[in-house]
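For reference, the chains in residue letters:
There are 2 protein chains.
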Amino acid sequence: MPADYVIRPIGHVESPLVDRATTPKQGFEGAPSAWLVFDVEMSDGIRDLAVGDDIFVLTWLDRAERGMLLVHPRDDPATPETGVFSTRSQDRPNPIGLHRVRIATIDGNRFQVLDLEAFDRTPIVDVKPVIPPER
Amino acid sequence: MPADYVIRPIGHVESPLVDRATTPKQGFEGAPSAWLVFDVEMSDGIRDLAVGDDIFVLTWLDRAERGMLLVHPRDDPATPETGVFSTRSQDRPNPIGLHRVRIATIDGNRFQVLDLEAFDRTPIVDVKPVIPPER
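Protein chains in written order, with numbering that gives the first Met the number 0: chain G, 0 to 134; chain U, 0 to 134.
Derived by calculation from the structure, the hints in this document are not laboratory data. In this text, all values refer to a predicted model and were calculated from it rather than measured experimentally. A few of these clues could be false.
[Stated by the list, open to error] From chain U, some residues computed to sit far from chain G (all C-beta separations above 10 Å):
hint, residue
1, Val17
2, Pro31
3, Ser32
4, Gly51
5, Pro76
6, Gly107
7, Leu113
[Claimed, not checked] Using C-beta positions, here's what the derived DEER-type ranges look like:
hint, chain 1, residue 1, chain 2, residue 2, range
8, G, Asp106, U, Gly107, 44 to 52 Å
9, U, Ile130, G, Val36, 25 to 33 Å
10, U, Asp53, G, Arg62, 25 to 33 Å
[Stated by the list, open to error] A partial selection of chain G residues facing chain U, derived with a Cβ cut-off under 10 Å:
hint, residue
11, Tyr4
12, Glu40
13, Ile45
14, Leu69
15, Pro94
16, Ile130
Glycine residues also receive a C-beta, built at the ideal position from the N, C-alpha and C atoms.
Start from the sequences, fold in the hints, and give me the full structure.
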């Protein structure tokens with residue numbers, strides 16, 4: 000198998016969240032609304048997304064540490080060290096963020112979503128519909 | 000923002016599924032059990048995964064087409080052409096597979112999971128626990 004693959008962003012997040020200390024660990028813990036801004040080249044790909052759709056947004060957490068295999072959950076030194084694949088830590092070998100959100104507003108290639116826990120300018124790499132039995 | 004990022008597999012899938020024609024579109028549509036085989040370097044990262052855990056496995060669908068923005072859902076030419084981000088097509092700009100599975104057996108760095116719709120030798124790029132409200 001090849002050693003690696005190249006991932007190319009399809010857009011980015013616009014959010015008031017700018018640093019780790021003030022960003023909720025999970026979207027349902029009070030994250031603000033944010034905008035998904037898709038590159039214009041992606042217009043055909045996003046054309047069938049609609050207000051009210053539940054989607055998974057996959058991001059590339061570009062400010063994460065990739066060398067971590069054991070982490071303290073929730074960045075809390077008091078929690079026991081845990082294998083990273085049993086956590087949602089942003090620090091992980093491939094820092095792909097998985098965010099389940101609902102589309103609130105659409106304005107051209109800009110999609111407002113609720114409760115997104117991602118920093119401003121985080122690259123977006125994929126969007127998928129939520130389907131049963133995930134619903 | 001940088002133009003792209005490098006994704007490095009952490010393991011691979013062992014599955015009886017070898018081609019697109021015979022592979023279910025979704026895991027709950029009768030996919031067989033499969034093994035997640037993690038690279039030995041990832042041992043610390045997987046150490047806290049347990050039998051019965053519900054996890055998201057993220058794969059790199061290395062046999063997908065990356066240039067598709069409009070697809071016929073379920074590879075059926077009779078379905079209307081649809082923006083790829085409203086579908087789970089494997090053909091998409093960043094072909095990351097998202098699979099929700101349950102761990103059935105653990106044998107060292109080999110994890111048997113049920114209902115995984117991925118080809119044999121598909122690279123694994125991340126594993127995350129399913130957490131509320133996704134549960």
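Hint check results:
| no. | hint | in the structure |
| --- | --- | --- |
| 1 | Val17 | holds, 15 Å |
| 2 | Pro31 | holds, 18 Å |
| 3 | Ser32 | holds, 17 Å |
| 4 | Gly51 | holds, 13 Å |
| 5 | Pro76 | holds, 17 Å |
| 6 | Gly107 | holds, 14 Å |
| 7 | Leu113 | holds, 13 Å |
| 8 | G:Asp106 - U:Gly107: 44 to 52 Å | holds, 51 Å |
| 9 | U:Ile130 - G:Val36: 25 to 33 Å | holds, 27 Å |
| 10 | U:Asp53 - G:Arg62: 25 to 33 Å | holds, 28 Å |
| 11 | Tyr4 | holds, 5 Å |
| 12 | Glu40 | holds, 8 Å |
| 13 | Ile45 | holds, 5 Å |
| 14 | Leu69 | holds, 5 Å |
| 15 | Pro94 | holds, 8 Å |
| 16 | Ile130 | holds, 7 Å |
Hint violations for this structure: none, all hints satisfied.
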